Amino acid sequence: MSTHNSALAAACALGLFSSAALADTPNLGKVITPEEVAPWDISISPDGTGLPPGSGTPKQGEAVYASKCIACHGEKGAGKPNDALVGGIGSLGGDKPAMKTVGSFWPYATTIFDYVRRAMPYNESKTLTNDELYAVAAYILQLNGLIGENETMNAQTLPKVRMPNRDGFVTFVPAKPK
Amino acid sequence: MGHRKSKGATIDADVVAGNGLLDRRVFLGGAAMAAATGGITFPDTAAGGPLPVESWMKTPGAPFVPYGQPSEYENKVVRTFTTVPGTTGTGASRTPHHLLNGMITPNGLHFERHHSGIPDINPDAHRLVIHGLVKRSLVFTLDELTRYPMESRIAFIECGGNGQLLYQKEPAQVGVQQMQGQVSCAEWTGVKLAALLQEAGVDPKAKWILAEGADAAGMSRSLPLAEIMQDALIALYQNGERVRPANGYPMRLLLPGFEGNMNVKWLRRIKLTEGPTMTKDETSKYTITMPDGKSLQFVFPQEGKSVITRPSPGLTMKEPGVYEITGLAWSGYGKIAKVEISVDGGKSWAPAALQEPVLSKALTRFRMAWRWNGGPAVLQSRATDDIGYVQPTREKMIADRGSRTIYHSNAVTTWGVSEKGEVKHVYA
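Chains as they are written, first to last, in our numbering: chain S, 22 to 199; chain H, 642 to 1069.
Incorrect hints may appear among the rest.
Stated by the list, open to error - Quick look at which bits of chain H chain S covers, simulated, 3 or more residues with Cβ under 8 Å: (1) 708 to 718; (2) 774 to 787; (3) 903 to 913; (4) 1028 to 1035.
Since the hints were made in silico from the structure, they are not lab data.
For clarity, every value in this text was computed on a predicted model and none was experimentally measured.
Ideal Cβ positions, reconstructed from N, Cα and C, are used throughout, including at glycine.
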């Protein structure tokens, strides 16, 4: 594709053209409302945008964890047979192997809610209630010592949890032409 | 290269680097031309014996079948796979590059990486939604998308974790399939993402998109809008047929040159956003943890790389003689410009022939001639792409990035050949 065409495609996509241009496209998509998209609109931004109503505490989360998570992630998130969720804080640099867990490595607490909601429990994803999701996120955070036993996680409190590795990421810079 | 030397009774005049590496043109018509002009001496060769008339030459063959399969004699040309504990469909499978040739990977042998198995998607029920920072949110059926103008693109897809065994301290005793089998190349045909975004009308505030799959993991990645706009394709076809279930049926995102995981399969949703969503697979996974504990994030391009597929472990060389060294090279930055081969552990190098067509962000087949004298040899290939990026040695890769990661290993892979002709993975 020529540079000219690329620029054209980009300009079109960025909405820089008038609606006259749209008449030349197939235009077969159906308009859909936010309410209709809602069942699929499950991604959560790091600032908490997208978090639903509901709440949960570590104690409530412990019960969810015991019935839905422990078989794969072990007692208190220690891992085995699958990923450990707890521990390893401070292990990322140095000579010993890095222990990457939710506590030691994940930069945003919102990602716990996002990921557990979309992908967990492994055999029945997208089945936990919002209260269960906040509760199990609270439990994992509390096991990592990042919130207290009596703290409640909800749409306001979860994004405010400061993860230890929040500043541990650097954006990759691709190679430049020589 | 300069003018061609006249040939005598031997092709040793074509030696271009240490330990018997021959000029890349030896296999490209040079020997045949020399033979036609009578300039070559034919070596003594064992007698062939009388030709049998086999049963299949005398009786009618098998009936038609609706969908063809490889010969039953090729039943060892298969993917190998490893799964996450407690699962049957989560993990990765690998292409048997040591048993293939050319640049296109057959659909049934394309590598896979699944985060929650292969979904059984009814194409009539599948939907693609575009929403977020757009003037109007749109939903498309597969039938509707199939009516759009399409483009084809031959492109490699490589898992961000391909080649990770090179980070190990000791050379893993595996072959090219286990080492480098998570890269494949196909002709992908589909609808430009830009065309659909144009119809939705992108809000100027949108700088990223979230792409999400319809699999049970809802695999999702954030992609920078400006960087993907030119090339991003919603692929509906793979090597001419509908995308295979394992590769995203009925539709996947294709981002030529970018990390495999970003080419979201079973694509169901594209949300335009101001910033990245920071999903699990762009924070806790697919980031490169450096020696100081900081991690490189959003490592989009699969950088320049190559591997010799033949000879390679498992393909024992039976006797001294002339062999073709062949393999694959690719770069997420563009076209392969040069592949150099060494058979003396990197002491001397010579350029291989690049098989046409050489396409940007596609697998490129390279070929080289080698007279193996029956002694030990150390085989390496080193790719350079058209932005001048040179594939690093393993030593340099680990010096630059350490070995606290499993991702984006693009270092030179080394095969050691013993006096018995056995080939094994070694560090040079």
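Going down the list of hints, with the structure as the test:
| no. | hint | result |
| --- | --- | --- |
| 1 | 708 to 718 | violated (count 0) |
| 2 | 774 to 787 | holds (count 8) |
| 3 | 903 to 913 | holds (count 3) |
| 4 | 1028 to 1035 | holds (count 3) |
Hint compliance for this structure: hint 1 is the single one not met.
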